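Bring the two chains, given one by one in their own frames, into a single complex with the hints.
In the order they appear, the protein sequences are chains A and B. The numbering of the first sequence is our numbering, which starts it at 1 and goes up by one. The numbering of the second sequence is our numbering, which starts it at 1 and goes up by one.
These aren't lab readings, by the way, just hints derived from the structure by calculation. From a predicted model like this one, the values you see are computed outputs, not experimental measurements. Among the hints, erroneous ones may be present.
[Unchecked claim] Computed footprint of chain B on chain A; a stretch qualifies when at least three of its residues, placed anywhere within it, have a C-beta under 8 Å from a C-beta of chain B:
| hint | stretch |
| --- | --- |
| 1 | 342-352 |
| 2 | 739-750 |
| 3 | 942-954 |
| 4 | 1017-1024 |
| 5 | 1035-1042 |
| 6 | 1097-1103 |
Ideal placement from N, C-alpha and C gives every residue a C-beta, glycine not left out.
Here is how the chains run, residue by residue.
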Amino acid sequence: MPESSRRTKGKIRWSKLYTFTCLRPSTADFVHQEHLGQPGFSRVVLCNETQLHKTKPHKYPSNYVSTTKYNVVTFLPQSLFEQFRRVANLYFLLAAVLSVTSLAPFSPISLVAPLVFVIGISMLKEAVEDWHRFLQDLNVNSRTVKARVGNGRFADKKWRELSVGDVIKVHKNEYFPSDLLFLSSSYEDGICYVETMNLDGETNLKVKRCLEATLGMNEDEELSKFKGTVRCEDPNPNLYTFVGNLEFENESYALCPAQVLLRDSKLRNTDYIYGVVVFSGPDTKAVQNSTRSPSKRSRIEKKMDRVIYLLFSFLFLISLVTAIASAFFLKYEMLEWSYLRLQDDDNPLFNPSKPKVSGLLHFARALILYGYLIPISLYVSIEVVKVLQTMLINKDIEMYDEVTCKSVRARTSNLNEELGQVEIILSDKTGTLTRNEMEFRKCSIAGISYGGDMKEVDLAASRRMNTCAETCRSSIDESNTSQSFEFSELSEADIMVTEKAIPGGREDGENLSTENPEISTVGKESVIKGFNFRDDRLMNNRWIHRSNLYDVIMFFRVMALCHTGIPVEANQTDKLKYEAESPEEVAFLVASQEFAFQFFRRTQSVMVLKELDPSSGKVVEREYKILHLLEFSSSRKRMSVIVRNKGGQIFLFCKGADSIIFDRLAENGKSYQDSTALHLSNYAEDGFRTLAFAYRIIESAEYEHWNSIFSQAKTTIGPERDELLDKASEMIEKDLILLGAAAVEDKLQKGVPECIDKLAQAGLKIWLLTGDKKETAVNIGFSCSLLQQDMKQFHLCLSKEAETKIQVKAMKEDLLYQIESSYQVMCEECNKDSPFAMVVDGKALEVALTDGVKNQFLQLAVNCAFVICCRVSPKQKALITRLVKEYTGKTTLAIGDGANDVGMIQEAHIGIGISGMEGMQILYFVYKNIVLGLTLFYYECYTSFCGEVLYDDWYLVLFNVILTSLPVISLGVLEQDVSSEICLQFPSLYKQGPKNISFAWKRIIGWILNGVVASLIIFLANIYILSSAAFRQQGEVADVAHLGGITFTCIIWTVNCQIALLVSHFTLIQHLFIWGSILSWYIFLLVYGALPPAYSKKGFHLFMEAIGSAPVYWMITLIVTVASLLPYFMHIVIQRLFYPLDDHILQEMKYCKKESINNQVWQREQSNSRKSTLIGLSARVDARIQYLKEHLHQRKKSIYRSVTSSPIYKSLTSSPLFQ
Amino acid sequence: MDVDGEGVSAVATGDRTIPMHPGRHEAFHQFTQQKLPACKPVLTPAWVISIFLLMGTIFIPIGLVTLHASQSVVEVVDRYDIECIPEAFKSNKLGYIKDSSIPKNCSRFLKVYKRMKAPIYIYYQLDNYYQNHRRYVKSRNDQQLLHGLKYNGTSSCKPEQTNNGLPIVPCGLIAWSLFNDTYEFIRGASELTVNRKNIAWKSDRDHKFGKHVYPFNFQNGTLIGGGMLDPRIHLSDQEDLIVWMRTAALPTFRKLYGRIEEDLNADDVIVVNLMNNYNTYSFGGKKKLVLSTSSWLGGKNDFLGVAYISVGSSCIFVCFVFILLHMKNRRPYGGHNLFVLEQERHL
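Okay, chain B solo, but in the shape it has when bound (with noise of 0.2 Å):
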């Protein structure tokens, strides 16, 4: 082996210590010997003490902000999906969406319980729908979706490819199971405007939806999943959709519908007309229509704070634990025949 000349000639000659290097060869010569300057932390009870004194100290207050911030998130939930279906059709649920004879209007009451901060956001919540589900989620296109009919493998949109030999945009059973159930909130005498501009992500709207791409030949088939589109309307403004394709994660899932831009206030009651028009019922999933407030945290969530106060405090209880650990069955540091113990154990 080649050992480094000059460093060699430097070792043999004086006592085993780093030779001279200048600067960069020294900390070669360093990392070879593995001389490197190393802090090595030992966990002495001190350290772990505070350690675990410091995780509670901070956890706790964090945990009860989180919390706080949570707790302060006006949230109403309404189901819907089974009130809304007359009392005629109770047995028939099926038989009554898929009528398209039948007015699906309904009327719903909220009681806002609490004063709620502008904006208030209206979500739709759909349970047992597994949009995550590995067939539903490839049956998109997205380069049709940015680029329109001049793109045209759309393959991977089976089985809402084409229809009737044209091919369809947006293509895919995303699109084509567009959610369509509408709301309209009434306060007293008057309506409120839900402003629906702006739901969706923006690099969705710049990047991934084209401007110059409008629907076509969109649910002209015999089987109609979902909403319909404004073949008027380019993809890049049709919101709906653009929320309704980001897939959701979970089988449980909200997606924001719009957002009410007037404070509403405690004991309000708010009247809400929907179009009860999307089938969940065909697979039993549920439909929820949900008000929600805002935090700097986002939507209301007690979990984070709960987690932190339950790491917070876990720290501080184990942390009290090894104090009375430590004084009861102290043992010194280093100065212990303890290698004597050590190996009598391992006997």
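One chain only, chain A, in its complex shape (with noise of 0.2 Å):
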């Protein structure tokens, strides 16, 4: 059996990482065992009986997990049901009913038709979306997995077929598919490795473990004959509890959520698992998280509602308007108008004895005639535009990942407007800004620190400087202010200053990074994974020459011993791969593996390494004896490893957060803490993570005391084993002798530091939300530069977390005060000049998030440039969102890992043209309907207000379909206002979009004023041109049919010309949707003017025969295109001229100044746009150049008093030949 005994042996193998770890007795909480069949805990799975669960009592959702919004048969109520939960398509709805009766004024089909046409689109459009997403869950649901099938086989087995009891077999790196009770796993001792990202964001693998009485069968054949109940507690999306038991054999045991495996999670390490399937489907925690997203509306989409209904209650005053006055001219003048015959019917709309109920009548009447300032195709118009921004979006090669092909997704159109407005980003951590890979950076060894002594902040402000000095220098012969002198003086003495530690010597600034090879690291791509190191006093083995030989050798020693990793083989070469629980000890396994100390191999109680002999140039192989390892908690912040060499010697190796270990120290081990403090310090400003190293050598018979009380009290059972085993622990690690600090680098994403840069320009505030612990989160904050060491930080913690009411009670206050506090500060501090962070912990969010404590915690929070909170569950995220969104009203982006490369985000709120003509867009719609809609309205003024209409239906009909809908909607797909490069130049051009200059009422209101100026202009003009006399030669006076052609042909040109006003950027499909809009409306006057007369009716011959071969008909669309378009075009030019927008120059000097580009101006502004940032990149680094300038000028000042304060200098001043 040689194929068992080999999976015997990588049992063992993989097994031994744990074997020497101390044991933890399994704490389930047995407190909550007693709820056990009562409400809320009443859930019964029977395993490996799935037959039973078929049936009630025990029947189960099946593992079919939907997230569509429509099924077959709900598709068409639930989606209608949509449609018309919009106001104006209820209206609509509304007229087309009544339009069958005698009281619409037009006929049915043209208020039928756009209906269906704007509600079809809609709906089309709904039915693709889901069925994309009815597409995907069937992907989810199909995945296989191996289940039992009965007689000791597994076969694959659709995710969606699994239901509850079900044993199934997960293989590495597979994910769950439903919460299982973990059984056994490949693992002797029934671990298993889970990785919970998906579920919580935290990265290091956690630690699975079954039960003992389950932990045998880990073969298929035993498993089919498992037979056990496992009574547990309902569905719920907790995702750190479980209570339950299984019941087995005739016992009965207690479950924890450690033998527990969650859906969306991951299994790692871990050939594979058995399992039984307690929570399917929907049941599981993970769904149970997932809050079922709600239809988002765009925040533009609900003040759009506000418009409508603002046009509405102007649609009800004007219906009102009319049906009084027709009522008046009802009862006082039309009954002797003779030729109306009004006696002679009894027509309730024309009843002269009731003109109540005819006043009535003509105000329902009125309502649909003037439903024309309703924009019925506003919705529709929209929504292809969105769907088409979508796409252009998802085309973007721009947003284009190169290494996993895959091009950026809009999951929904609804929202893309919003990408131009957001302001406050919520980010995730892992995986969206940092790629979850450590790298080794620098190490401080003996007080020498290694790996650049640069921070990466000096270096870029001498850079930014040193481009500031040459454009000052050229500007001098211009302007030869003593300020620019000193400026230029300045740069260039702080460069030198700067650039001391450069050996390249003083150049160019871009030319810096590639001249000198110890900072030319930075920003590249280190060659081997884990490992971005460059220093030649330690690579290449050349640490041997270094002084404090003993001290390097310890350190590199720490590196290689105290871990809990494994060596993996590499294929081909000598160097090995490692895997660790936390990515870090994988980076320190590689780093001591370049610098010649290779962990190689592990076995129950030795490590040995493959050391580098300094004396002898040779490598050897030594063995250490592992005698304890003492585990890394959050609490001891520390790990230490007892090894014994083979010449008997103990040593104990610790790392540690350095505050853990400075308080350590023996008293002759603090040689280099200052030093080593200072190095600690500069890493972690940039944003490394960083571990302090100690040694000590221990006596034997001091070990032997203490290995007995360690031995004690790791057999110790009860609640006070863990004090007991942390004291002990206490007791060896003391005395320690510092070696130094090595400083990893959590790697960002690509573009991260540039891209988060470029978002604080633009004025945005961002919140970093993680379940990662504090220090890391703080770190990640200091190397997105989102945190420097100039900021005031606010720390929100509190200790425990709250389990009586009392507590609740006074945590609550403890917050509140810590907030309040942190607000006087601010007040006091409130000058511009220091932003302020914060960061909360989990616990302290819990209680910070509940009524009593929300606002003030959220009115701290808003007024901080940059909030950290870690330790966060995913509902808390949620909430978190949710609340700041409602108490800011503001546009907020949640980016997680579902887009899970940075560089696309970077890209996505510019890339495309969307900024700003978002609102223009709805503006347009208002101003071209009420242009319309009015018209009719003062056409009734002039009919005695009896509801005639001045135009043809079908021009109505085609207004909205055909005649004017393509060019805003190109207007809304490709406007670019400036340029996608532009845009980047410049990204507080940005900030124009949260503020929602074009979308603010008073610009709503202009509009309104637009609209109803143009079409008064229209109106008048046309009625007042053909008034009674001829309009042609030949003598004849225009009609009804004449006047309404000529004035509708006004509107066209004057609504399709007004978009052409407001596009900026022509292409030749604006060009063709504009004027093609104009001329389509002419050749529908001639096809429906070539339609014989029962059709065309009033169109009959119109544009043949009347009007245009008449002159007056094209001077009139001239003059009143011109006249009405006039105030808008007066308003643009004012405002261009003298009161510009940013994008305004920008375009001025793009068009004005093509062949300069990149001169010094465009520099300028480029620097002047993001004056007020502050956070990000280029903050800190003004914030340093700022420094350092203040520092030179100190250093001068202080020259010059000591110059003029000096007695020679005293009397040479006061001496007579100096006056």
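Below, the structure is given as structure tokens:
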């Protein structure tokens, strides 16, 4: 049985890792066990007896998870319902229903057709989107997993076919299809590693343990016999609790969260596990945790609704006017109009004896008639625009990731325009900002820092000042002010200062990084994964020439020995790969391998290193016997390993947080403490994660003594065990000798700092929500330049989780106090120069988000430039997002692992030309419908408000559907006020978006007025020009058909030319649509006029015979179009010439100075545009420059002072020679 | 998302310039990447000033020409509805007009103040007459006008639909209220011939009013609204009716009555013998007789010319204002630190 033996070997090899760790007794909450069987804890799962779960009382849902909004049956009613939830659509539905009665001023077709068109397109869009969701679901639900099929065989089964009670087998790197009870794994000791990144964002692998009782069943055959009953809690969204027990072989075992494997987490480092499905499909904790996505509506859409309501009230008003006036006419005037013969029948619309009834009916009719004020096609056009925008976003090559070969995918088109208005970004850390890869970057050994001295900020500052100096130097000739002199002097001096460390000499800033080998690694990909360290003093085994060689060697030994990793054979080379619980340790192991301290083998009790012997220069194998391993935990913040070498010496190697290590140093071990502390703070400011390394040599007598204490503690059973163990560790982890510190970089995703910098310049606030611990989050804050050293930081934290009500109350008060005091500090230092940052941890957040504290907390948080929330659960993340949204009323953007590449996100908001124009479309719709709708009203004034329509029905049908719809869609899709390159150069342009200047009420009113004025000009000009006199040389006068046709022509020209004025980026498509729309009107007139009069009615031969050949027609078109656009044109001319916006200036710059885009002016504008930024790389660099300048200025002053105060100077100046 | 395979590979390898696509593909690619060639007009002061200047220089001449054309039209208007009522009936106009026994003829003297060149168009103008009233407008049947009695779905013609159980052709209020004043023009001793042919739109005559449809049962009821029709003449030739049935858009309107195809000299006095039949007295409508020549622009109407001139001159005015402002308040283009100002303003 060679195969089985190999497998057994593998099992041992893998499980070695944990055999020497302190085995903990399962600390299941026995407290909750008593709830079982009661409401909320009534679930019963019969393992391996799925047939029993097909019927009541144990019938549970299948494992099918659906995210679709509709199904085949509900689609029609539900989507129709969705459509008619929009007031406008409901109104048009009502109008369409009324159109079959005599009340309607139009023929039914002219009301029904647009409605059907609009609703149809919207529903089509919904259907297509839902279909895509369905396909996605199908994909997920059709994944397969090995499930027991009977007589000891396991076969592929689709996820959706799983049911509660199924025993399944999950292999390495597979996702769990549902929540499982962990039965056994490939490891003998029944553990497995799980990655829960999708659930809580934590990156370190979690260890799960099965029950001792089921541990042995790790073969396919054994499991088919397995029968057991699980009694547990009902489905709930709480990820960290699980209450239940397993009845198995007449015994009952308590279950705890450690035995539950959750859906959406992944099996890692374990060959396979067996499990029983406990919760399936919608019952799983992951699904329960996912807040069902409500159909999100953008802010603009909400405001759009309000605009529509405004228009409705407008409509109501003029309908009321019409109704009252018509009743008045009917009562006092119309009876005398003998040609109407009103008394001859009892048409209720014109019954002079009942003017009130008539008025009421006219009111209803007017509501339909002026319905053209309501832009029926608005919603559908906006939807079409969004779908097209989504398509453009999806196709954008700038957002194409070459590594994964995926392009960006906008899942919903509902919120496109919100992209231009985001003010707060809530970002996940792992996977979004960081790659979850650690790199060894710098170290400080024996008080000397290796791996580059310069801080990156200094580097950037000197580079920036260099270019500044260049510009200033060239501008000196023009403006010979002392200030600029000083500035150039200063910057040069500074560059000398900052570049002292760089042997390459003073080169141009841009060349600097390439000239210098030490710095060239910055930003370059490291060749070895996990190792980005260049320093000739250590590399290539040159460390053997260092002076304090012993400390260097010990340092490397700490790295190579103090960990929980294991080596994995890499192919070909003699370099090994490592796997460990945290990526940090992997980085250390890789680094130590590079320094010729290769950790090479681990057995149950021995670690083997291949070390370079500095005296002989040869590689030797050295064995270290592991005596103890004191685990890392978040309370201890350190980890130690006690080993004995071949010579019998016992060492304790310890690594941990600097504060912890520094507290435990021996008197003679502090020689490097000061310099190491300095280096540590430098590293931390660069955003590296730091660990201090120390060791001690233990006398064997002391060890023996301690060993007995420790062993005793280990064997203690009961709650005091942990405490005893801690105490025991304390006893040995003391009198350490500091060796130095190492810095690892939590590697950021490509382009993250630049992206954050741009976002910050664009005035966005950034919140970091992470499941990771506080230190990590703060580190990342630094490495992304979101935190600065001089930033005022508020830390909100609570020590314990609240259990009783009194504690909760006390905690609330505690937190409130913290918030209040922070707020006071903030108010005191309310000057702009020092930004604030806030760090909140999960427990504090839980309290902070409760009712009493919420508002104070948010008030403080919103005023901070940067907020970190650590140890946050997914639910809390959602809650924060919602609260921030509600509290500030601002648009928020949440970034999570779903969108995994920040590079994409960086481009997303500006890559597409949607900034600023989103409101414009709506305003334009309002405008064009007001222009049309009001002319209908004015005409009523000339027809005694009887409800007659000036235009042919078909004109009105086509107006919204064909004649004016395409240009506005092209505007929404293709408009770019400035190109995307410029957007990226001037991120502050983005600030226009959140201010939402294009959709402020002032603007809305402005556009309504514009529409009113245009409609007045069009209507009045037409009726005056086409007054009673002839309009053609042949003496014919204009009748209602001619007036209607000519007025409508003017409207078409006006609204289409209006959009031409809006467009600042004319592509062929825009030209085609705008001028094509106008042309299509003429084509329509021709075609319509050519139809037999039975169909074309008033339009028969209208254009050919009457208006087309009349010069007046064309002259009216020209003058009316120009006159009605003149007010708007004047407005934009005045705005552009005297009150230009940023984008206008950029357009001008681009237009006027095409050849000199990279000149100084451009750069100065660029730097001006980022002046007010508080966070991000540039801000940090600016702050640095500021600091250096002040520093230099001070120095100059002091020199000056010392000179002037010197007696020689005094005597010189007071001497008569100088007077 | 299935990204176009070729395009991607081309991009992934090279820098981020547009990959090489032939023809249509390239256009599509440019579209999806929003890199379509585009012109970006920027309103610089030079542009603004020249646009306004251009509009001014184009519109003012057009306005002048238009105004001149309108001025060249000679129009003689005479309101006769009051004067044509005998003194005895001044207080009882309605009694006068409704009493068919009273002769309705009336003579008016029109003085031609300026030479009028043929053709001189004769219009009657009605004021405060709502021919655009919905009830009125709908009260007709186009099918019947074209096909006559063959077509009998005439419910739209209410209340002038049938009389004595027989359908009326042409039915409806419009036809029923046909205008029936008549005019004769005498210059000196001779009568001026009035051409009353071709006063209606040709399309109406050819396509909307049937050549085989004859008036039937028309104005036979107790209530007579207006003019009679000769039942021997088919509708297509009843041009008065056709003109009348083209309903006017506004309550004040003119309709063509006929043409005088001789020149009238200045200071000619024309005697108009008219039959004041039509009842506008019940609703206070005015009746006017209009003689007018026409220009290439039609009748006399200064509004268009004035509009052109005023828009043109305001453009010139604005243009000068801008020039002045620009000189005084010059904002350097592009090279100004406006971003700072911009931000200050927003704060």
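- 8 Å C-beta test of the stretch 1017-1024 of chain A against chain B, three or more residues: holds (count 3)
- Message: Tell me whether the statement that chain B covers the stretch 1035-1042 of chain A is true, taking a Cβ distance below 8 Å and needing three residues at minimum.
- Response: Holds, because 8 residues of the stretch 1035-1042 of chain A bring their Cβ atoms closer than 8 Å to Cβ atoms of chain B.
- Outcome, coverage hint (the stretch 1097-1103 of chain A, chain B; C-beta under 8 Å; three residues): As far as the stretch 1097-1103 of chain A goes, the hint holds, because 3 residues have Cβ atoms under 8 Å from chain B.
- Task: Closer than 8 Å, Cβ to Cβ, for at least three residues: run that test on the stretch 942-954 of chain A against chain B and report holds or violated.
- Result: holds (count 7)
- Three or more residues of the stretch 739-750 of chain A near chain B by CB distance under 8 Å? Violated: only 0 residues of the stretch 739-750 of chain A have a Cβ under 8 Å from chain B.
- Query: How about the stretch 342-352 of chain A: do at least three of its residues have a C-beta closer than 8 Å to a C-beta of chain B?
  - Reply: holds (count 6)
Hint 2 from the list above is the single one not met by this structure.
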